[in-house]
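Following the hints, put chain Z in place on chain X, whose structure we already have.
Residue strings, one per chain:
There are 2 protein chains.
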Amino acid sequence: MTDHRVLATYLIETPYPLERAAQVMAGEQSTGTFISVPGETRELKARHGAEVVSIQELGAYSAPSLPECYLPPGMDKPVYRRALVKLSFPFHNFGPSLPNLLSTVAGNLYELREFSGLRLMDLDLPEPFAIRYPGPKFGIEGTRRFAGVYDRPIIGTIVKPSIGLPLSEYGSMVRELAEAGLDFIKDDELCGNPLYASFEQRVEVVMAEIERAADRTGKKLMYAFNITGDIDEMRRNHDIVLAAGGTCVMVSINSVGLPAVAHLRQYTELPVHGHRNQWGAMTRCPLLGMSFTAYQKLCRLAGVDHLHTNGLDSKFAESNESVAQSINDCLSPMLGGYTVMPVLSSAQWAGSAATTYEAVRSLDVIHLAGGGILAHPGGTAEGVRSMQQGWEAAVQGIELNTYAEEHPELQKAIETFGRK
Amino acid sequence: MTDHRVLATYLIETPYPLERAAQVMAGEQSTGTFISVPGETRELKARHGAEVVSIQELGAYSAPSLPECYLPPGMDKPVYRRALVKLSFPFHNFGPSLPNLLSTVAGNLYELREFSGLRLMDLDLPEPFAIRYPGPKFGIEGTRRFAGVYDRPIIGTIVKPSIGLPLSEYGSMVRELAEAGLDFIKDDELCGNPLYASFEQRVEVVMAEIERAADRTGKKLMYAFNITGDIDEMRRNHDIVLAAGGTCVMVSINSVGLPAVAHLRQYTELPVHGHRNQWGAMTRCPLLGMSFTAYQKLCRLAGVDHLHTNGLDSKFAESNESVAQSINDCLSPMLGGYTVMPVLSSAQWAGSAATTYEAVRSLDVIHLAGGGILAHPGGTAEGVRSMQQGWEAAVQGIELNTYAEEHPELQKAIETFGRK
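Residue numbers (my numbering), protein chains in the order written: chain X, 5 to 424; chain Z, 5 to 424.
Simulated from the structure, these hints should not be mistaken for laboratory data.
From a predicted model like this one, the values you see are computed outputs, not experimental measurements.
Where hints are given, some of them may not hold.
What the hints assert, rightly or not - Listed below are several chain Z residues computed to face chain X (Cβ distance under 8 Å; list not exhaustive): (1) Glu44; (2) Arg51; (3) His52; (4) Thr108; (5) Ser166; (6) Leu169; (7) Ala184; (8) Gly196; (9) Gly261; (10) Leu262; (11) Gly293; (12) Thr297; (13) Phe320.
Glycine is no exception: its CB is placed at the ideal position from the N, C-alpha and C atoms.
Isolated chain X (complex conformation):
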């Protein structure tokens, strides 16, 4: 037994009195069931029950956010109140276990019919989690060391088309990008171990080009190979990358699950690039699922070194405020460590740097541009250069068009991507 507690903050919406609704959550996720049972003694409740720490009412609405919510008996004109509810769970109910923590703080309670909305907003975890899950093995500093990039963002791209590129073209694209001085490439999340070109073959072709370019330029491009797969396959893929001299592995966090990421964390000798595809399903309904603030803590515990956040002005359905918050979440310390590098992507180009720097005031990001580099009219080398110039302008506080006057690669980028 310990006195540690886990604090979980929820945004709820309910037609029931807020105090009652909060008690239902606390009961369902600890000692209660739908009817009192003999064993649920006062002592047991005191030792193992979740507690309502605070309730902060936010507003009232006439329509429910989610269907299938039940009304209190006799309520004709329902009012759905929203509130931030903080619950405290006894740590000894589950111990330092990510999956069992999830079953507790994010389990059946999403289905409780007393709620027309329920979203996990934040988590505060006690120290023992840090012992069981040491977190990112390399973090920001380790990633910079592998990539050889300091004092500026790591500029990267994604191989496009996402899927289907023959290996010969793959190789020449990587060669071109590596020679152009790019820092980082990631596989697309759609490209894991496809049947038409195996993972082994892709690693062999890509690493040969990277090593050859490094011999010439003295700089070894970091390539995040998408090792997403079943448990044993991920280890096999990791070992293939390591043996080939690769410096990063990528995993689709939600496709494999947090325990699979934590398992990878145990044996990885390379930074883990965490892709969050499917995240939209967890977060796009504002009154359901999970906030990124809670999610990124879980991902950091599991041990990713990089974590996708979307970029500002992306093609995805997320406001710039939300993206900036996500980036700042990743850059906020947690449990005395756990540095994780935010990864900005989607419809990014040289002009995204200024917006990004203004919003987060940090250079500790991986900034990915797909089309923004590969579709640059001057070719990929100029695309890379334009990205670097975009950040130079941002950091120096020089207006983009002004900086572009003496930087033709940036000028072309503005003409191509800035007019949309």
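Below, chain Z alone, put in the same frame as chain X:
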């Protein structure tokens, strides 16, 4: 290369023309990016592009279901159209890989700003998935063999209180239930390997009672021990259960991820009881996430032998129609096998049998009652008997109150649980 395809059906909502929106989905999840790149040739698109198979318009709405959807330029009074869209993906893009399938059919597309709603409704998977993922190892038949229960539902309960019960009381509760002729007990999903009473200790205490009762009654109760944990811990927990003579292991599917379940499937020597907590977060917003029809196929591929579906008239926010559909989904054949036993729970009692049997006309269910057995006024033994009587009445088509006239345990159940 193969000609196999994966078919995915989506419910979408969008202010864009439906054909255009469907093409955006297909492009984003195969060969496209936000701007044309040189390598996306016509030949590559033909071989690796996802195709729009069909679009079935469902209706038009004036308000969006999800926020952050972008409007087409010049659209003042937006109309949000809903449709069922069927896409076909080339199987060779990802191969027979559950996690990479997920990244493709349920990945970034949830975040596309062209949509105010997007939900995966169904999946049709080609034969090679059946080779890589052989599915439930024991299924309905194997479970019945282990439990020694044929020609009627497997009646079970959950140890309540969910968490905190001292091991001594745990033991006497299991003893009482085993002696009462109960078929099945599952751990609560909140109780994995808590600090106050370790998994090993719980298994030891529980199995001692089960074996002792089996010696007396000739019937060995099936107990689903919650082995949910990190990857290696799950294997360790499975081995503990097996060594102690246990006959079932339980896992919280969404807490560990499908690859962890598939990993467990490789080595398990016991039926896997699949708990779906957190499912509400994936499904409660009607225009987001995933339908159970798609979800249960993924879970069956991963290899669970039992799968939670909620019960009818449960305390959860789900209509009876939806629950009945879920149960029928589980009982529908898939890829020539993959029998999975639906698990009905939440606020169940003897009277739930009639409603359930009427809706699904099958006895191949595990029917769990927590309070409905443990809080029976005649004690747990009468609670168990009342559940069996409820099913006897249902199968024989006898009205519950009539059957209760000569079955006092059922009568007491009606008086206690039927008046709510």
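We went through each hint and held it up to the structure:
Contact between glutamate 44 of chain Z and chain X, as hinted, is supported at the beta carbon level, the nearest pair being about 5 Å apart and thus within 8 Å. The interface hint given for arginine 51 of chain Z is met, as the beta carbon of that residue sits about 6 Å from the closest beta carbon of chain X, less than 8 Å. Here the hint on histidine 52 of chain Z is kept, as its CB sits about 3 Å from the closest CB of chain X, short of 8 Å. For threonine 108 of chain Z, the suggested interface contact is upheld, since its CB lies about 6 Å from the closest CB of chain X, less than 8 Å.
Against a cut-off of 8 Å between C-beta atoms, the interface hint on serine 166 of chain Z holds, since the closest Cβ of chain X lies about 6 Å away. Restraint check, leucine 169 of chain Z versus chain X: the minimum CB separation of about 6 Å is within 8 Å; hint holds. Of the supplied interface hints, the one on alanine 184 of chain Z is violated, with its beta-carbon coming no nearer than about 15 Å to a beta-carbon of chain X, more than 8 Å. Annotation: glycine 196 of chain Z was flagged as interfacial toward chain X, and the flag holds, the nearest CB pair being 4 Å apart, inside 8 Å.
For glycine 261 of chain Z, the suggested interface contact is upheld, since its CB lies about 2 Å from the closest CB of chain X, less than 8 Å. Because the beta carbon of leucine 262 of chain Z sits about 7 Å from the nearest beta carbon in chain X, less than 8 Å, this interface hint is met. For glycine 293 of chain Z, the shortest C-beta to C-beta distance to chain X is roughly 5 Å, which falls under 8 Å, so the interface hint holds. With its C-beta approaching chain X no nearer than about 16 Å, threonine 297 of chain Z sits outside the 8 Å limit, and its interface hint is violated.
Proximity of phenylalanine 320 of chain Z to chain X holds as hinted, the smallest CB-CB distance being about 4 Å (cut-off 8 Å).
The structure is inconsistent with the numbered hints 7, 12, although it conforms to all the rest.
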